[in-house]
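S.K.: As they're listed, the protein sequences go chains L and H. For the first sequence, position 324 (counting from the first letter as 1) is numbered 1628 according to the working numbering, and the numbering increases by one without interruption. For the second sequence, position 244 (counting from the first letter as 1) is numbered 344 according to the working numbering, and the numbering increases by one without interruption.
There could be a bad hint or two in this list.
What the hints assert, rightly or not - Pairs of lysine to aspartate or glutamate residues, derived as DMTMM-like cross-links and limited to a Cα-Cα distance of at most 20 Å, are as follows:
id, chain 1, residue 1, chain 2, residue 2
1, H, Lys471, L, Asp1534
2, H, Lys297, H, Glu372
3, H, Lys428, H, Asp528
4, H, Lys297, H, Glu279
5, H, Lys330, H, Asp543
6, H, Lys451, L, Glu1523
Treat the hints as calculated values from the structure; they're not laboratory data.
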Amino acid sequence: MLARIAGLFERYGVIVAFLVLLVWNAVFAESAADFRRPENLRNILNQNAATGIVAVGMTLVIVAGGIDLAVGSVMALCGAVALVVANALALRGFGETSCVIAGLFAGLATGIACGTVNGLLVTLGRLPAFIATLGGLVGYRSITLALADAGEIRAAKTDLLGAIGRGGIPVIPSTWMESGRTLTFTWNIILFFVVAIVGQVLLSRTRYGRHLVAVGGNETAARYSAVAVDRVRLIAFVLVGLCSAIAGLMQTARMASVSSSQLGLQMELDAIAAVVIGGTSMAGGKGRIWGTVLGLLILAIINNMLVMSAVSSHWHGAVKGMIIVLAVLIQRSRRA
Amino acid sequence: MHDGTTSPGTGATFSVALEVRDLVKSFPGTRALDGVSLAFRRGEIHGIIGENGAGKSTLMKILAGVQPPDSGEVFIDGVCVHLRSVRDALDRGVAMIHQELNLVGDLSAAENIALGREPNRFGFVARRTMLRDARAALSEVGATFSPSLRVNDLSIAAQQLVEIAKALACDARFLIMDEPTAVLSERETTALFALIKRLAARGVTIAYISHLLPEVLALSNRISVLRDGKLVSTVIPSDVDESRLAGLMVGRALADIFPPRAAPPRASPLLEIRNLRVGAAVRDVSFTVASGEIVGLAGLVGSGRTETAEAIVGLRPRDSGTILLSGKAVRFRGPRAALEAGIAYVSEDRKARGVHLAMSCVENVTIPHLKAFGRVFPDRRRERATADTWIARLAIRCPNPRAPIRTLSGGNQQKFAVAKWLDALPKDRPRVILLDEPTRGIDLGAKLQMYRLIADLAAQGLACVLISSELPELIGLCHRIVVLRAGEVAGTVDGDSATEESVMRLAAGVGTRRVGNEFGRTG
Chain L
1305 MLARIAGLFE RYGVIVAFLV LLVWNAVFAE SAADFRRPEN LRNILNQNAA TGIVAVGMTL
1365 VIVAGGIDLA VGSVMALCGA VALVVANALA LRGFGETSCV IAGLFAGLAT GIACGTVNGL
1425 LVTLGRLPAF IATLGGLVGY RSITLALADA GEIRAAKTDL LGAIGRGGIP VIPSTWMESG
1485 RTLTFTWNII LFFVVAIVGQ VLLSRTRYGR HLVAVGGNET AARYSAVAVD RVRLIAFVLV
1545 GLCSAIAGLM QTARMASVSS SQLGLQMELD AIAAVVIGGT SMAGGKGRIW GTVLGLLILA
1605 IINNMLVMSA VSSHWHGAVK GMIIVLAVLI QRSRRA
Chain H
101 MHDGTTSPGT GATFSVALEV RDLVKSFPGT RALDGVSLAF RRGEIHGIIG ENGAGKSTLM
161 KILAGVQPPD SGEVFIDGVC VHLRSVRDAL DRGVAMIHQE LNLVGDLSAA ENIALGREPN
221 RFGFVARRTM LRDARAALSE VGATFSPSLR VNDLSIAAQQ LVEIAKALAC DARFLIMDEP
281 TAVLSERETT ALFALIKRLA ARGVTIAYIS HLLPEVLALS NRISVLRDGK LVSTVIPSDV
341 DESRLAGLMV GRALADIFPP RAAPPRASPL LEIRNLRVGA AVRDVSFTVA SGEIVGLAGL
401 VGSGRTETAE AIVGLRPRDS GTILLSGKAV RFRGPRAALE AGIAYVSEDR KARGVHLAMS
461 CVENVTIPHL KAFGRVFPDR RRERATADTW IARLAIRCPN PRAPIRTLSG GNQQKFAVAK
521 WLDALPKDRP RVILLDEPTR GIDLGAKLQM YRLIADLAAQ GLACVLISSE LPELIGLCHR
581 IVVLRAGEVA GTVDGDSATE ESVMRLAAGV GTRRVGNEFG RTG
């Protein structure tokens, strides 16, 4: 019986942790009234959507037994390429819509290309994913810095980009809101939800997802079981590249600019933290997207809590670090 | 059966070094030890034999402090002890020499011997003392090499000596040796036996686990036979012979084990291998197998059996040679292409390659041809139905097909490992199945079912290639046995006329100490 409860906790503890945090902050905490304001909750989602999108992709690679450290640099590169392409077209007199669309496609293509390179290094090049993507982390950032001369790239035209970055769909009409203003979910948030749902279905319901788990769980056994191991891993890296591109482009649209040194900085760490808290095994072969989403929200709520409290921001990292380690400790306690 | 505290026959009392009473240890699904009581006399060499799963390893792990028993008692020198860890056991003089040696390869022999108890001087390792102690310990086991050599630079036999020296340096008075000769040459084995006898004469008690019956018979003072977690009997070597021991291990006459052999088919070969060459492992292998035929591949470890099979399905690139399927030359890029053409390879080493331990039984069955259950979204209900069919057909004991396959016993896992290929093989063309050590590490009941399954598959017209280290199995099942030696075909023997000697002589080039019953072979 006890083992059974421990097993349930290992599997669903992240839900409990999330609910406890949520209820505590929304009901009992000193700043509960501020926390549960719809605007605050929306902002939490909005601020973490990009990380979430990356974390979904990260979950897939980690389940496949890999890791991608390059996500943040890929985000920056994709944003930079998108703006460079859009600005160049704008100079040649193209309309804003075509500029933005071309830029977005260029950015997505960049993400896919980066993911492909990472994936090929791991599959054909037989490099450990950690090393291959460490190269990417350093390399893609450097290319971005070179593109932007280490500074900022601004969008030549910002109307449409701003509409994408800050627009959204209304979810709560103004009459229901205390503030009297309509609450909108940004495209950012919507995209995060879409990516998460697609990721969860991909991982748990599709043939590809089954193969991801098989490859991550035991690559040799997968190879002996007629699974195209290299193709499965390559696709995982392409998918995380695509996720990074989406996240990078959303950030770019929101700011209508790319800071070559700041965009996506340390994103790999935040994403991996969310994945790990969500109960995905770093050893591969076991993972879940919904866990990653909850892991992300746990980190986000704690961050929000810390910001609203008087705790100096210097201490935020210490708390986050503790949460990450604790989460993993609890989830593997049964195997010890 | 007797409890071992008194000597059979003489009634004389001996000083008992270590005794266990009513040891019970259960693992999910199995009772590995079911009330074992056994006494080891001081200075005796006590052989422990039994099939895989009989409880040998579990018993030894309990004695070595690797795992505690569920119930029962362990007495060392008459004192009841609870061994909490390997360190704890070692402190009480019990040391285990594992089959896979437990040494740190990058450290020197001396550093390994002193590991964990380095002599220190003002907080620093006292190197000179350490080397001196190590030299003494090594000379005690008859080793002549320098203690400052790196362990990785030593031969396996020398590493084993380091391990024994390490145990003795810890004042071990009870040594557990798990298949110590599996990795040794004949000469090294002789030297090791001499050492073991010397140690026993000095009062060290030796528990000697092996599946090589001639070896156990030659070396031991007494032999205990375990079966299904119980002590079957403790015997004196002079009272028994190999076949009697084998009978005790298996619990029945060996003759009833194999299904009757069908007449060899007259069909032309379905799969033909000609002059296959794969790296250094396979130098020149040719053989054929027809529909309905069971062809055995025999050979010692390193003879190239597995490599041959892996090359056939494209898991290894071949350097030269031809593979003909239904008369047409084929070359597969991997198991998937081979599968589509009608050839499946059931790999050896079930846990590392055969199944995905963490995945469910259902998922394990459908993984080679998941596409057949849906291009993008596999139909989970249909997957389940397929798994259920195989569970019924192969009499797999599987309470919950959605549970991870690691919760099943080895025999049931192995049935799934075969089922997945049987399900995946195309039904509209001649089929070939290559089975690599399909009965390794599974219990006797499952073995018998596996034999029947193989015979059935041949009767259904599959061409079967059976790779096995267990000669009785090959002789009992196969129409022909192709014997490999060092990557070449050493000869082919007819299943009806084959004997273990005739196969072994071909496999080893000459007569060999490994002639004998190889039931219960591990690793």
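S.K.: I'd like to know which numbered hints this structure contradicts. Please list them from smallest to largest.
M.R.: Number 2 only.
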